[in-house]
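Participant: Residue strings, one per chain:
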Amino acid sequence: MPDPLNARLKTLMIDTLKLEDVTPDDIRDDEPLIGGGLSLDSIDALELVVKLEKEFGLKIGSSEESRSALASVDALSAYLRAHADPARLPSA
Amino acid sequence: MSDAARKDARPPRNPGPSWGFRFLRACDHVLPEVVFRPARQIGTWIALANMPAQRRHSRDYLRVALGREPRTVEVFRHFFAFEEMLMLKLRVANGRPHRGELSADCEDFARFVQKPEDALLGTFHVAHSDLSGFLLGGDTGHRVSMIRLRMGNSHDVDKLGELFGGSVSFIWVNDGENLLYALKDAIAAGGSVAMKCDRLEFASKTEAFGFLGARRLFPFTIYHLAVIFGRPVFMTVAVPGAPGHTVVHATPRWAPDPAASREANLASAREHFQGFLAMVEGLLRANPYWWFNFIPLNPEVAA
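Quick mapping for you: the protein sequence lines, in order, are chains A and B.
Residues in the first sequence are numbered consecutively from 1, following this note's numbering.
Residues in the second sequence are numbered consecutively from 93, following this note's numbering.
Think of the hints as simulated: they come from the structure by calculation, not from any bench.
Check before you lean on any hint, since a few could be wrong.
[To be verified] Subject to a maximum C-alpha distance of 30 Å in a straight line, what follows is the list of computed DSSO-like cross-link-like pairs (lysine-lysine):
| no. | chain 1 | residue 1 | chain 2 | residue 2 |
| --- | --- | --- | --- | --- |
| 1 | A | 18 | A | 51 |
| 2 | A | 59 | A | 18 |
| 3 | A | 54 | B | 207 |
| 4 | B | 207 | A | 18 |
| 5 | A | 18 | B | 297 |
| 6 | B | 297 | A | 51 |
| 7 | A | 54 | A | 18 |
| 8 | B | 297 | A | 59 |
Keep in mind that this is a model prediction, so the values were computed, not measured.
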């Protein structure tokens, strides 16, 4: 059964970055988000970070932190579970 | 700092000696202008002789701007115009009264100055533009964060920062990797954020626009930030006016439409930036020595 947080993150990415012709199933959980198949660049990463901060009540303060959080959907989920407001995370 | 950032954090660029500004400031105190100006001209000839790369870039730019091979004296005038702007910055930093005024055709920006809103302010290394953030902050009390490249000799900017410290703050950049995150924090903190938008270094997004007879690459990051943060954009340049005055030219206000798609917003932003480039080109065609980029002119791309 897919991780509900991973599923939500994929939808959020597609909506925020307006990724055309991409469905949640096209994004692998372990696929690199920056510089990978999605071709996200630093501005896309920033836009995603701004959305994540708003959505999950956290602050990502540096490029290094963002790169580590956005390494993959799995990495982002782990980051959010460690740093986000638990009340905003979907229940498993 | 990551390894990549460490590698990218080059030592600050410093085209002149680190004591240069202090020396000029001291000379300005003791020498009458009738002596000091010729001395600065001699100094500029020496700089011209000792800066072959900048001399070459000046010549390349002037060839495009003038439409012919520039003479050496014209390259000197280009260097000297830049020196005079640095001198003005030093003098303003040392308390010389200097006023900013708006050109007659920028009603939106006049409204912004009267009643500031949090905006993104883009400018170029053209004429007095380095002063516009200070003049704006100083005249209106509006808080402006300025993105600046840390130079080895930032004495002039440090002094200006002290003078306008209540309204102007700096985001010093010598690490391109974290620039966007520094910008994010500055925007979130409120006030306006001013950035130079003509040099490609540290630019996250570039696009080609018509400028000086060709399609050339320019940073386009400011408009992406405007879309992400929902902020309006003004593009401005400041040029010499009457003695003791700087005239600010500004584009109309551009703001992303929250109901429109990102692509639609960026399409209208492209028109806005192209309008700004036409304004800058008009100023440079009339006053070619006001272009203060002694680096390769923005590269041409195929149409």
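Participant: Run the distance test for residue 54 (chain A) versus residue 207 (chain B): straight-line Cα separation, threshold 30 Å.
Facilitator: OK: residue 54 (chain A) and residue 207 (chain B) at ~28 Å, within 30 Å.
Participant: Holds or violated: are the alpha carbons of residue 59 (chain A) and residue 18 (chain A) at most 30 Å from each other?
Facilitator: holds, 23 Å
Participant: Given the hinted pair residue 18 (chain A) and residue 297 (chain B), is their alpha-carbon gap at most 30 Å?
Facilitator: Holds - the C-alpha atoms of residue 297 (chain B) and residue 18 (chain A) are around 17 Å apart, at most 30 Å.
Participant: What's the verdict on residue 297 (chain B) and residue 51 (chain A), does the C-alpha distance respect the 30 Å limit or exceed it?
Facilitator: At roughly 20 Å apart (the allowed maximum being 30 Å), residue 51 (chain A) and residue 297 (chain B) satisfy the hint.
Participant: Does the structure keep residue 18 (chain A) and residue 51 (chain A) at a Cα separation of 30 Å or less?
Facilitator: holds, 13 Å
Participant: Assess, step by step, whether the Cα of residue 207 (chain B) is no farther than 30 Å from the Cα of residue 18 (chain A), and give holds or violated.
Facilitator: violated, 35 Å
Participant: Need the status of pair residue 297 (chain B), residue 59 (chain A): alpha-carbon distance at most 30 Å?
Facilitator: holds, 24 Å
Participant: Does residue 54 (chain A) pair with residue 18 (chain A) here, judged by a C-alpha cut-off of 30 Å?
Facilitator: holds, 17 Å
In summary, the one numbered hint that this structure violates is 4.
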